[in-house]
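Colleague: Each chain is listed here by its residues.
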Amino acid sequence: MKENSLIKQKYWNKLKTITVILIVLWFIPTFVISFFANELTFDFFGWPFSFWMASQGSQLIYLLIVWIYASFVNKLDKTYLNELQSPERN
Amino acid sequence: MVKLFNPELPQSSFASRLKKVYGLYTLGFISFCVVLAALEQLGLPQEFIGYTFLFATIFLYAGIGFLSKTNEPDNYYVAGRRVPALFNGMATGADWMSAASFIGMAGGLYVGGYKALAFIMGWTGGYVFVALLLAPFLRRFGQYTIPDFLGTRYGGSLPRLIGIFIAVLCSFTYVVAQIKGVGVITTRLTGVEFEVGVFLGLAGILVCSFLGGMRAVTWTQVSQYIVLIIAYLIPVVWLSVTQTGNPIPQLSFGQQLQKVSVLEDKINSDPAEVEVMKMVADAKQKLLDDQNKNGEKLNEDQKKELKVIAKGATSSPRPHADPFIGETQEDINSEKKNFFALIVCLTLGTASLPHILMRYYTTPSVSEARTSVTWSLLFILLLYLTAPALAVLVKFVIYNDIVGSSFASLPMWVEKWMAVDASLLSISDINMDGIIQLAEISIHKDIVVLATPEIGGLPFVISGMVAAGGLAAALSTSDGLLLAMANGLSHDLYYKMIDPKASVNKRVRISKTVLLIVAVLAALVAQQNPADILFLVSAAFSFAASGFFPALILGIFWRRTTNVGVSLGMLTGIFVTFYYMAINQPWLRELIFDIPKEAPITDIWFGIDPISAGIFGVPAGFLVIVLVSLVTKVPPKENIDLLENVRYPELKEKSAQS
Numbered sequence: 001m002k003e004n005s006l007i008k009q010k011y012w013n014k015l016k017t018i019t020v021i022l023i024v025l026w027f028i029p030t031f032v033i034s035f036f037a038n039e040l041t042f043d044f045f046g047w048p049f050s051f052w053m054a055s056q057g058s059q060l061i062y063l064l065i066v067w068i069y070a071s072f073v074n075k076l077d078k079t080y081l082n083e084l085q086s087p088e089r090n
Numbered sequence: 001m002v003k004l005f006n007p008e009l010p011q012s013s014f015a016s017r018l019k020k021v022y023g024l025y026t027l028g029f030i031s032f033c034v035v036l037a038a039l040e041q042l043g044l045p046q047e048f049i050g051y052t053f054l055f056a057t058i059f060l061y062a063g064i065g066f067l068s069k070t071n072e073p074d075n076y077y078v079a080g081r082r083v084p085a086l087f088n089g090m091a092t093g094a095d096w097m098s099a100a101s102f103i104g105m106a107g108g109l110y111v112g113g114y115k116a117l118a119f120i121m122g123w124t125g126g127y128v129f130v131a132l133l134l135a136p137f138l139r140r141f142g143q144y145t146i147p148d149f150l151g152t153r154y155g156g157s158l159p160r161l162i163g164i165f166i167a168v169l170c171s172f173t174y175v176v177a178q179i180k181g182v183g184v185i186t187t188r189l190t191g192v193e194f195e196v197g198v199f200l201g202l203a204g205i206l207v208c209s210f211l212g213g214m215r216a217v218t219w220t221q222v223s224q225y226i227v228l229i230i231a232y233l234i235p236v237v238w239l240s241v242t243q244t245g246n247p248i249p250q251l252s253f254g255q256q257l258q259k260v261s262v263l264e265d266k267i268n269s270d271p272a273e274v275e276v277m278k279m280v281a282d283a284k285q286k287l288l289d290d291q292n293k294n295g296e297k298l299n300e301d302q303k304k305e306l307k308v309i310a311k312g313a314t315s316s317p318r319p320h321a322d323p324f325i326g327e328t329q330e331d332i333n334s335e336k337k338n339f340f341a342l343i344v345c346l347t348l349g350t351a352s353l354p355h356i357l358m359r360y361y362t363t364p365s366v367s368e369a370r371t372s373v374t375w376s377l378l379f380i381l382l383l384y385l386t387a388p389a390l391a392v393l394v395k396f397v398i399y400n401d402i403v404g405s406s407f408a409s410l411p412m413w414v415e416k417w418m419a420v421d422a423s424l425l426s427i428s429d430i431n432m433d434g435i436i437q438l439a440e441i442s443i444h445k446d447i448v449v450l451a452t453p454e455i456g457g458l459p460f461v462i463s464g465m466v467a468a469g470g471l472a473a474a475l476s477t478s479d480g481l482l483l484a485m486a487n488g489l490s491h492d493l494y495y496k497m498i499d500p501k502a503s504v505n506k507r508v509r510i511s512k513t514v515l516l517i518v519a520v521l522a523a524l525v526a527q528q529n530p531a532d533i534l535f536l537v538s539a540a541f542s543f544a545a546s547g548f549f550p551a552l553i554l555g556i557f558w559r560r561t562t563n564v565g566v567s568l569g570m571l572t573g574i575f576v577t578f579y580y581m582a583i584n585q586p587w588l589r590e591l592i593f594d595i596p597k598e599a600p601i602t603d604i605w606f607g608i609d610p611i612s613a614g615i616f617g618v619p620a621g622f623l624v625i626v627l628v629s630l631v632t633k634v635p636p637k638e639n640i641d642l643l644e645n646v647r648y649p650e651l652k653e654k655s656a657q658s
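In the order they appear, the protein sequences are chains A and B. The first sequence runs contiguously to residue 90 in our numbering. The second sequence runs contiguously to residue 658 in our numbering.
Facing chain B, a subset of chain A residues (Cβ under 8 Å, in silico):
#	residue
1	Tyr11
2	Thr30
3	Phe31
4	Ser34
5	Phe45
6	Ser50
7	Gln56
8	Val66
9	Trp67
10	Ala70
Read the hints as simulated data drawn from the structure, not as lab findings. All residues carry an ideal CB built from backbone N, CA and C; glycine is no exception.
Next comes chain A alone, as it looks inside the complex:
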């Protein structure tokens, strides 16, 4: 039982860590880069950089975030359930 609660603790901590990291990753294009939008207008493959970030870059980063989260946590779920079933191996 005690081992189970350790496994649970580990699962929840990992989930929290990846969530916080990914929310920081959301924050950077959304607010940090936009905050300096007037300054970051250098040429980026033909676009002013800040315009490209706001119209395409941030959205592609969002998609990446959601994809990373789904694949990471789906794997985490599997490991967690395996550990719960055979706690002696850990």
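With chain A held as given, fit chain B onto it using these hints.
Modeller: Leaving out everything else, chain B in the frame of chain A:
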């Protein structure tokens, strides 16, 4: 087809069967358009093409709705929880993208340039929060609606009741706008009266959601997504090919943006433009003086003449690529502040709208719910990454081909649209030089999407397809919203609070009745053509964010949240948001405090526009929930146990995965 939606099929063959059916469906839709195009060449009148598109698509959606009709609660409320991630993604895309996204967004970008990108960033960034903080947990919780989550998590009737109130409040304001959109498109497509158009569209909406609830709506939304995305992309790709030779508008519009910026400089330094703007400003002033009865009295002919001139522009166009513009640093900071406030409200609102969140109840497993958010965002981005390109490509046509050409040689599409509807597009030679200045063009933002096929010189069949796409967008969103309201009222209010002994059949029957009543009410409001509809839509996001976001997030992540805390917090959030809008939004202020619209707005907090009122409501909600929870009794053990279940995977999930 009939067999397809039967529940007996095992999940894996169900998914591969779906792919086949929708693949064939897509081919069918394309061949349908090709046949119509051929008939058009043979002389089929345009009116007939419009009617065919309208009735064929509505009939198709109704057919799918009829084939998946059901009275079984799991099917009716959550589509049997067997919608594969990919298809749930498509359905969410259609559920999410409304008439405003399909028709309004590119137009908003045309007018606002960089500033309007806040909508794109907020409406897509919201899915990061759906994925990370909400969808998987709500799916694991496994109930039917969002008020259901609040009621079970916190216990007691109050959180559930407030949840129902907020869900209905934000969904109703939203659905009125959608039904209005349906009316506008039907009218444009066929020429019937607006009032008739509203009820024609309503019939299409009802056949789906009424017969088969979530199951019918899901499979219709998938087919509507396919129609709307094809209709949106084809004209833009064509425009991109004709302008740059590159068929991918997302890659090609950078070079067009540069050209637009050069043209802006040229237009801004043209003395003829300055002359026209001055004439327009003078005309406006004269009309105003006449209205206020000072200065010279105008006769009817003079007034008519001045009104035509007053349609022109008084200021030069906003530079498309420049982020924050202002005379002083203070103006620039104010633009920046409101840009961020809007992003926050739209992001958190997206993550709290019940009709979107409940889509993730329909996947077979928690892991599919996560994957499904990725698909949703991908399908939404197909349109949202195209809209900025479309805005620039159309702007290039206007600035390059129209401005500076002579009135004698207007392109066909301009003359046609001016004849169809002068409120969408009108050009008049204000300074009488025979040359078109930008300030002489009065353009409505909706025309950007609606006229794209003609701007690109495409046949009328493509215009019909674009209208059908807009119709699909409005219908699919309306279906989702109506269902969210009806389920909240029937499942949560009636079944959970009034008559818990109601039989399964009775519950579904009640839900259908409620749906019918809400739909007709919404149509009646839409028929009144409420003035500030755009404001109401944005308000729905601020309401959803300030009512639901703190309650859902703390409900999942903070054990100590109590029943009393969350109830007071939700009410505070809604109240603060509503109060800020009521004192600062001219239309709402007139409605509530009876202050005339023209009176100056005095109570702005920190320079934030009323459209972003949620920026105050959300923190207020969080604060009240936390403070009240800390001083009230620790929640009972069963509620905390429930939270444990929501956080950790269960063993049965493993068998579902394998």
